[in-house]
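**Q** Residue strings, one per chain:
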Amino acid sequence: TQLLEQSPQFLSIQEGENLTVYCNSSSVFSSLQWYRQEPGEGPVLLVTVVTGGEVKKLKRLTFQFGDARKDSSLHITAAQPGDTGLYLCAAEETSGSRLTFGEGTQLTVNP
Amino acid sequence: SQTIHQWPATLVQPVGSPLSLECTVEGTSNPNLYWYRQAAGRGLQLLFYSVGIGQISSEVPQNLSASRPQDRQFILSSKKLLLSDSGFYLCAWRKSGQALTGELFFGEGSRLTVL
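In order, the protein sequences belong to chains A and B.
Read in this note's numbering, the first sequence has 13 at position 13, and its numbers run on one by one without any break.
Read in this note's numbering, the second sequence has 32 at position 32, and its numbers run on one by one without any break.
No wet-lab data here; the hints were simulated from the structure.
Hints may contain errors.
[Said to hold, decoys possible] Below, simulated DSS-like cross-link-like pairs (lysine-lysine); rule was C-alpha separation at most 30 angstroms, straight line:
| no. | chain 1 | residue 1 | chain 2 | residue 2 |
| --- | --- | --- | --- | --- |
| 1 | A | K70 | B | K95 |
| 2 | A | K70 | A | K56 |
| 3 | A | K59 | B | K95 |
| 4 | A | K70 | A | K57 |
| 5 | A | K57 | B | K80 |
| 6 | A | K59 | A | K70 |
| 7 | B | K95 | A | K56 |
[As the list claims (entries may be wrong)] Computed far set for chain B versus chain A, every beta-carbon distance over 10 angstroms:
| no. | residue |
| --- | --- |
| 8 | V15 |
| 9 | S17 |
| 10 | P18 |
| 11 | E22 |
| 12 | Q62 |
| 13 | S65 |
| 14 | P69 |
[Said to hold, decoys possible] Okay, the calculated bits of chain B under chain A, using three or more residues with CB under 8 angstroms as the criterion:
| no. | segment |
| --- | --- |
| 15 | 70-84 |
| 16 | 107-115 |
Glycine included, C-beta positions come from ideal geometry on N, C-alpha and C.
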């Protein structure tokens, strides 16, 4: 079982600030996904990264996959209150059936 | 289009009572199905997953069980609930054959409180 560590666990910032959250493991990932979850709902996929060193952008969100495929980061530029939520990383085992989630980063963006 | 629905949305049960949460997927065939549990504001713990009818993989020892009696139906059960079973239960599906990169689609969740 691969363990995914996310940091920070909680993050409270003001609107307009930038932030980065991290997802790390001692294992090599076959692929990694980032999800965002709002209270009382299921998580929704933001991005999937597969290749070491890959960078993907989704509007103000930038996702980076480490060269060794053991870590990933999510950077948000000019955060807005609508970005508030629980951000979860999830990694795939090589078998391809079992997706494991990290503990999440709870982000609060204050107006 | 594909949809996933789970019920009930909210459940309050006494310790020692049985549990049945049901999840169905429409618009796809032979999906991979998952049950996750989530503590408040925390990550998702994988409980069970299934790659086909009657095929269940259990991830953690517990007093819960899962069954897949039909291709698109996934049921989470318990004979006797414990206080520690309280939480937010999420059913999810993914297209078969999309190993490693496929998106997980989640149901609305079922909030269980055991008193």
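**Q** Indicate, hint by hint, whether the structure satisfies it.
**A** Evaluated hints:
For the suggested pair A:K70 and B:K95, the alpha carbons sit about 25 angstroms apart, so the restraint of at most 30 angstroms is met. Annotation: proposed proximity of A:K70 to A:K56 holds, straight-line Cα distance about 17 angstroms (limit 30 angstroms). Annotation: proposed proximity of A:K59 to B:K95 holds, straight-line Cα distance about 27 angstroms (limit 30 angstroms). Between the alpha carbons of A:K70 and A:K57 the distance comes to roughly 20 angstroms, so the proposed pair stays at or under 30 angstroms and holds.
The hinted pair formed by A:K57 and B:K80 fails the criterion: a straight-line CA distance of about 47 angstroms is larger than 30 angstroms. Proposed proximity of A:K59 and A:K70 is supported: the alpha carbons are some 25 angstroms apart, at most 30 angstroms. Distance hint between B:K95 and A:K56 is fulfilled; the C-alpha atoms sit about 23 angstroms from each other, no more than 30 angstroms. With a minimum CB-CB distance of about 24 angstroms to chain A, B:V15 clears the 10 angstroms threshold, and the non-interface call stands.
Taking the minimum C-beta to C-beta distance to chain A, about 24 angstroms, the non-interface status of B:S17 holds against the 10 angstroms cut. Its beta-carbon lying about 25 angstroms from the closest one in chain A, B:P18 satisfies the requirement of being farther than 10 angstroms from that chain. Consistency note on B:E22: stated as away from chain A, and its beta-carbon is indeed over 10 angstroms from all of that chain's, at 16 angstroms minimum. Taking the minimum C-beta to C-beta distance to chain A, about 15 angstroms, the non-interface status of B:Q62 holds against the 10 angstroms cut.
In this structure B:S65 is separated from chain A by more than 10 angstroms, as the shortest Cβ-Cβ distance comes to about 18 angstroms. With a cut of 10 angstroms on Cβ distances, B:P69 stays outside the contact zone with chain A, its closest approach being about 20 angstroms. For a cut-off of 8 angstroms, the count of residues in the segment 70-84 of chain B with a CB near a CB of chain A stands at 0, and the three-residue condition is violated. Beta-carbon proximity to chain A at under 8 angstroms applies to 4 residues in the segment 107-115 of chain B; the threshold of 3 is reached and the given coverage holds.
Checked against the numbered hints given earlier, the structure breaks hints 5 and 15 and satisfies all the rest.
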